[in-house]
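Protein chains: 2
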Amino acid sequence: MHYQLYYWPMIQGRGEYVRLALEDAGAGYTDVARAKGGMGAMTKMMEAHKGTPPFAPPFLKAGSLVIGQTANILLYLGARHGLAPKAEGGKLWVHQLQLTIADFVLEIHDTHHPLGPSLYYEDQKAPAKKRSDEFWDSRVPKYLGYFEDLVQANRGAFVTGRRLTYADLSLFQIVDGLRYAFPKRMAAFEKNIPRLIALRDRVAERPNIQTYLASERRIPFNEEGIFRRYKALDL
Amino acid sequence: MHYQLYYWPMIQGRGEYVRLALEDAGAGYTDVARAKGGMGAMTKMMEAHKGTPPFAPPFLKAGSLVIGQTANILLYLGARHGLAPKAEGGKLWVHQLQLTIADFVLEIHDTHHPLGPSLYYEDQKAPAKKRSDEFWDSRVPKYLGYFEDLVQANRGAFVTGRRLTYADLSLFQIVDGLRYAFPKRMAAFEKNIPRLIALRDRVAERPNIQTYLASERRIPFNEEGIFRRYKALDL
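Protein sequence lines correspond, in order, to chains W and U.
Mapping to UniProt numbering: the first sequence position 220 is 220, numbers consecutive.
Mapping to UniProt numbering: the second sequence position 122 is 122, numbers consecutive.
If you are wondering where the hints come from, they were derived from the structure by calculation, not from laboratory data.
Please note that a few of the clues may not be correct.
You can't tell identical chains apart in this list, so a pair holds if it fits in one copy or across any two.
The calculated lysine-lysine pairs, modelled on DSSO-like cross-linking and capped at a C-alpha distance of 27 Å, are [as the list claims (entries may be wrong)]: (1) Lys91 to Lys184; (2) Lys36 to Lys50; (3) Lys91 to Lys44; (4) Lys86 to Lys142.
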């Protein structure tokens, strides 16, 4: 099946977790909003009053289905492309990890938008600094420590064991995103998560991921996405 | 199957979305941490280094499975207790709505904790006021307007149409929670969401829900949970 991915064309954002899964699986897809006239097509889908209009991008058109919410899209793709176990317990476990990653992504976003997503960063610089301090003191160790412990406990190359799942692709993005947004803080922190860094490297070395990262399909990190490099927040 | 639900014993919190599903389904369950010695049992499960240790409560023990993340638990229960469609498209659609509700719950929590979940409200009162203003100006109309439109478009009693799903039970909790936490703001806003209010009333009238709400199993709202009544944030 050829998929249509709908997401903001200028950022990696939440769409990137879906792109990484599609790319690793070698699935055919169109990144609709990056093509000519694509933004109009995306808006039209979101304003639909019938069927299953998504609350926000990303959403994926898969045949007659329109699937929204990043983790929900990955639940669907994981089952079809060998990116998650087939058995119910394993499927739920990988999805659970992805939902925990989704919570972390929201907290990453809140480091530069503590007063809400509708205001500019420039209007909330002081609270953003406080939230970023708290994020690195307390939240990063809790989240990344949890995933580090899982890699260790499962004694495998990946977070659930021997086989890669979509959660591993997302953890790659988390590590690279934190390296981009908080280069100093992350450099100091990485000694605490050696297994997660090794997992990140294993993902980066996968042929389809290598090809993708070197292509124009990979949008560079920038200050409109989830991971933003603001020097004031990295001290 | 008799379930064991693990969640903080003093609050509704995220566990409440699971409790409502279990109660409406008439499923047998033990609310483990509310029983004697239950907190110790919950902590022990979270500190496990084998299997599938959850990142945080709530989590549900269902036979040999331990399932974490609220929406993931509901995905599992929905399939077993007639609280979601069986067909793949319908199942994914209800889960997508639940994940959108989960995003909204995080934003509700951020109204009193904009600088992060590890600090006290008392240490972030001014940012909390700003975030609450933004929340009511921009986020509540966006989220609740989305669900109101869905109820209208589907011409049914519930958000996906004629049949109740676990997403409707969660929307009941959202409406009642906002009424508790922001009585003045919510009273002024309700005229914009008549169909959602009618849906809330239909859920409240269901026999199993009526029985539950009148029982001691329903923990009262309080200022330790997601929905907190702080007068300063309701002006």
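So, going through the hints one by one against the coordinates:
1. Neither within a single protomer nor between protomers do Lys91 and Lys184 lie at most 27 Å apart by alpha-carbon distance, with minima of 36 Å and 43 Å respectively.
2. In this assembly of identical chains, Lys36 and Lys50 lie within 27 Å of each other by CA distance solely inside one copy; the values are 25 Å within and 50 Å between copies.
3. In the homo-oligomer, the alpha carbons of Lys91 and Lys44 lie at most 27 Å apart only across protomers (24 Å), although the nearest pairing inside one protomer, at 33 Å, exceeds that limit.
4. Taking the shortest alpha-carbon separations for Lys86 and Lys142, neither the intra-copy value of 29 Å nor the inter-copy value of 36 Å comes in at or below 27 Å.
Hints 1 and 4, counting from the list given before, are not met by this structure.
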